[in-house]
Amino acid sequence: MKLGVDVSSYNGTIDWNKVKNAGYDFAILKVIRKNLTTDTAFERNWKGCVDAGVDIFGVYNYSYAVTTQKARSDARAVAKVLNGRKVTVWLDVEDSCQKNLGGILADIILAYKDEIERVGLTFGLYTGESFYKSYLKRYEDAFSFPVWIARYGTNNGSGNAKYQPQVKNMVGWQYTSK
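No gaps in the numbering here: position 66 of the sequence shown is 65 in numbering that gives the first Met the number 0, and each next residue is one more.
Calculated directly from the structure, the hints in this document are not laboratory data. Some hints here could point you the wrong way.
As the list claims (entries may be wrong) - No farther apart than 30 angstroms at their CA atoms in a straight line, the calculated lysine-lysine pairs in the DSSO-like style are these: (1) 46 / 19; (2) 167 / 136; (3) 177 / 167.
Just so it is clear, the structure is predicted and the values come from calculations on it, not from any experiment.
Based on the provided sequences and hints, a complete structural model is requested.
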């Protein structure tokens, strides 16, 4: 099992050598903020990972998109920040504004995916297990991309297999927020 962390400016300044020495294999970095500006720690975290030898498994974009047009413009903003760097772009879909969109949410995800892939990047979806089961599971047959799921269980910093989600195309399980 590989261990990783996801980080943003909210995590402050990170000593990436400590992360590497603690046994973490990869990181997923927040790339843009709600207003589509670059996360204030993104470039510092990118450089820190590269310098410490921590694999950048991807970047994530917490989504507030409620239309396909917004999803496409968000994806273009991510591609602009990446500026040719090739990583997986994880669309983080879990905000309350997206809860009752029905099939539009699947369209939003697919529009974002199309825009990311159009510029030669790899797409993945991140969400919590509860959000997935409540709002996305019914559309999973249309999803042929990697899925990263959060389910914390006891949230004590270690994973307990009894809480591991079973989701189609799941490639990662975020088992703690600690």
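Status of each hint after checking the structure:
1. 46 / 19: Measuring from Cα to Cα gives roughly 14 angstroms; hence the hint holds.
2. 167 / 136: holds, 9 angstroms
3. 177 / 167: The hint holds at about 26 angstroms.
Of the hints listed earlier, there is not a single one the structure fails to meet.
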